[in-house]
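Position chains B and C against the provided structure of chain A, taking the given hints into account.
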Amino acid sequence: MDLGNVAIQLLSGMTVAGYLFMVSAGMTLVFGAMRVINIAHGSFYMYAAFIVAAIVGKGTGASGMFWVALLVAPLIVAAMGTATEVTIMRRIYTKEHLTQLLATFALFYIFADVALQIWGGAFRSVQAAPVLTGQVNVLGRSFPKYNFFVMGVAVVVGVAMWLLLQRTKLGWRIRAAVEDPELLAATGTNVRLLFTTVFTIGALLAGVAGAVVAPLVSVAPGLDAGILVEAFIVAVIGGLGSIAGAAIGAIILGLFQAIGILWVPTWASAFTYIAMILVLAVRPWGLLGTPER
Amino acid sequence: MRRVGLPVALIVVLVVLSYTLPTSRLLVLENVLALALFAVATNLLLGYGGLVSFGQASFYGLGAYVVAASWAHYKTPFWVAFILAPVAGAVLALVVGALALRTRRLYFALLTLAFSQLFFTVAEKWYGFTQGDNGIFGTMIPSKLAEPQAGFLFVLAVTVIAMLILWKVTESPFGLTLRAIRENRERAEALGVNVYWHQLLAFIISGAFCALAGVLFVVHDQAAYPQLLDWTKSGDPVLVSVIGGMYTFLGPAVGALVYQYGHDLIIEYTTHWQLVLGIVLLAIVLFVPDGLAGLFSLAGWRRAGARVRSILRRQAEVG
Amino acid sequence: MRLPRKYQGGKAVRNTRFRWLALTLAVGLALAAMSCKGSSKSTATPQATGTQPAAATGTQPAAFTGTVKVGISTTLSGAIAQLGKNGLQGVTLAVDDLNAKGGLLGKKIEVVSADDQAKPDVGSTNVRNMILNDKVVAVFGPVSSAVAAAEEGIAAQNKIPIFFHTSNDTVLMTKQFTKYGFQVVPNTTMEPRAIAAYACQQPYTKWATIGPDYSYGHDTVDTFIKDLKACKPGVEVVNAQWPKLGSSDFTPYISAIQSAKPDALFLAIYGGDLVTFSKQAAGYNLAKQMKMFGAYSISALQPLGADAPAGGVTWFRAPIYLPDGTPGVDNAKIKTFIDQYHAKFGQWPGIFSILAYSAVQTWADGVKKANSFDGDKIAAALPGVTVSTVRGDIKIRACDHQAEIPEYVGTLSDQVNSTYGFRTPTNVFIGQPDKIMLTCAESEALRGK
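In order, the protein sequences belong to chains A, B and C.
No gaps in the numbering here: position 105 of the first sequence is 147 in the working numbering, and each next residue is one more.
No gaps in the numbering here: position 222 of the second sequence is 225 in the working numbering, and each next residue is one more.
No gaps in the numbering here: position 249 of the third sequence is 244 in the working numbering, and each next residue is one more.
In short, the hints are calculated from the structure, not lab data.
Label pairs and their in silico Cβ distance ranges:
#1 179/A - 201/C: 17 to 27 Å
#2 179/A - 339/C: 44 to 54 Å
#3 235/A - 313/B: 14 to 24 Å
#4 364/C - 146/B: 30 to 40 Å
#5 280/C - 132/B: 34 to 44 Å
#6 256/C - 222/A: 53 to 63 Å
#7 367/C - 162/A: 36 to 46 Å
#8 222/A - 170/B: 36 to 46 Å
#9 201/C - 176/A: 19 to 29 Å
#10 176/A - 413/C: 18 to 28 Å
#11 132/B - 113/A: 44 to 54 Å
#12 146/B - 363/C: 31 to 41 Å
#13 412/C - 150/B: 47 to 57 Å
#14 290/B - 221/C: 52 to 62 Å
The structure presented is a predicted model; accordingly, all values stated were derived computationally and were not measured.
We put the CB at the ideal spot given by N, CA and C, even for glycine.
This is chain A alone, in the form it adopts within the complex (with noise of 0.2 Å):
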């Protein structure tokens, strides 16, 4: 096995890392802030991804297309992300946990059909930018420059979500809400506007991400689902609630899942499971975070 194989394979688990971390960034957010599981995070990732595919699949070859879209798409879903919180979320906060799962299962649901009556089941292909097509030559292997592109983009989104908590105010009331929502309204904030923002910042997240993969998937149904389940894990053994630990467990499953790949083809699939139940025996609260209390 020689040292191109190699950086190439973990080139492409960074890439996988890359878009995992931003679905989850915004899932683990939501979680930290409000203490809900939001089964309908992956529809935002899919709706920003058909969006795209939208805005560019009739454009014939104008690639400019491919950047409008990129920046739209994210926009119109984290507008609805504004919507769904004032109309249902801020109705729920004050439920038991599994009733809000249960109200977020249900959105799930619905955008499902919402996106299958305006886009069909057809699967869709969306061609980026010419600018970001073709290989780059790493150690003598050709990688694709998109994939380099996902890692930045993704990249630009962890720098971005450390400033706006660590230096703004709104990032210092996000974390004090982590900490004690309670002593936070005690101090005049607005805690229902807060709500409102962080759960639209989540759905925004969703959406770069879903806007970033779109030229890379097919877009069709079942993407909701099927990135849930990978973000899900992936917020859970970073720590429910830390971005960073998002960062880490993205950076962990794509790395596994890409060496797996070389090693035990066979069982790698496996594997996401078994890391999930390594971290959660060790440390419940994922690597990052802190024990519930």
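Showing chains B and C alone in chain A's frame:
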């Protein structure tokens, strides 16, 4: 005596229905009974123990596979497998529970989920024994039970007896202690209750009855396949418990009736079943969050009505 | 030990009586209502997305002496919804055409459909409801073989013929054989054998494989490699990958395959997964480094357009979009089907569309031969006969009810077809049924007969 009268009436209604309902509806109802037992057994953990397990399909699927695989490989008589299945369920529950109960709340839910996915993978990959994702089909139950009405009455009888036992469990000192632990674990510990053993016993009992529900599914469908251990299958009893009401004994059974029967009807009439089901579930969450069983008391109706009104009022303010 | 009052059951006891009363009443009433509903279900079931029988549009001859229903329960939501929809539309079109010609035995045919969510238990419930409530006289199969196995048992119990046109596991006609089941699609033995026979003539010896991690994938890959090795002893598998069905990320698999440097890659992944794989593989320039052998069906070729590898090897379960002059293929007839389908649904038919269409024709032929809709009579009439369908004449083998049909293997055209917008197969090799089918003795041995 009063407490006995009306359940008996319900059973009589079901027996009468077995003579009057068209076969297809009867078979849907048979499926409902299996799910009802699955849900009531799961709710021993959820509602009574405060333990959210997302892995009960492991035991349900195991129960189904004990019947199907032992028939396929050893031609084991159904009645032997029928006895064996709950025992196997209890043993697996002992192993999973012993590990999972070292964690709490959310982490317990996650660990049970991860275990059930692992078992699902095994069922899917162990071709030699489970025939993989093709599943096992065939005449694995006595021909008498394959007749719709006889099958239904058998499933009904098993469900009633099993629920009776579970009811006794919840009303026993053990059941009361379990609820006390749910309410205040620290206090129970301070009073000298061995929390771990109580919860483990509850997990084992639940596992045994979930496996029994899996056997009933085989009576219904004469098949076993890996989807029976899937995480969505683990979600089913939790879902119907929430719909029906976790804090009543029969709430999950009501939820099973409404969910399964409703699902089968919707799917027969429209391809938009996802939309209809989603909206109905959302309505239940928003207006009857304590579960449908609450509606069977007058106060429950009033509460739900008040909730609808208050939401409408709030929306009027916003608009 | 004191418990909070609401958990002591005191209040519950008092309320129990009313609750039970209400519960009993409600259940009784609901079920009574359902049982009425069951029989009064309206005959119009336009559940298929915008696919009402054409007869409803008023063009039917006045001669109908009644209606009979046929059912199709298949996957209409989730990742493989498109594959199910192809089959459903094929069935609908076939039934419309039957009705336009006066129906069958003077009866008008109606289609009842439902979504099985790719779950066996939902599929079997659907089929049971169709048979018992809607009184369907025939059932057309689903996408997934696991669901098909569940449906086959239900159909047999009720003595209703069931025709598989998309799901194609060999198990359905061997281990799970029932006299009511018929398979009009090349099964998981025939397809890989045909591809192996083609690949044997090619110079490639170092192979990599990738298949979805479930029985279809394993069966297809294993049979292909076994047959190829038998035909060409020097063949070696340098890499075998088993991603799970519905994976969104094939990049690690692609790089692993790339590193193994095979001459050719055998892809048993299909549908949306194949589209995803091809898009990601294009980024690695994989098609330039090895010969691609993949199940590029229409639903995958369509979105891929020019991204599908020109010169890549593909296989078709039915003769559609094949070049003129392919032996045994009546392209004029098929072209009519393609245009008619496109006019009705606004999309080009998939392979499963034409297979589903011929499944209906097979059943219709059985009805005519039996001169009855009765399941037992059809099950007795069809085996051993040759049926005329849009894809050509097909013989239903008596021993296991598998249709004797060829599998078509070809290379993808250099040019994207300007009418359809996708690459079509050229240089077609035909895997003839007598070369690729299990013998009757083998089939019966698998059944344990």
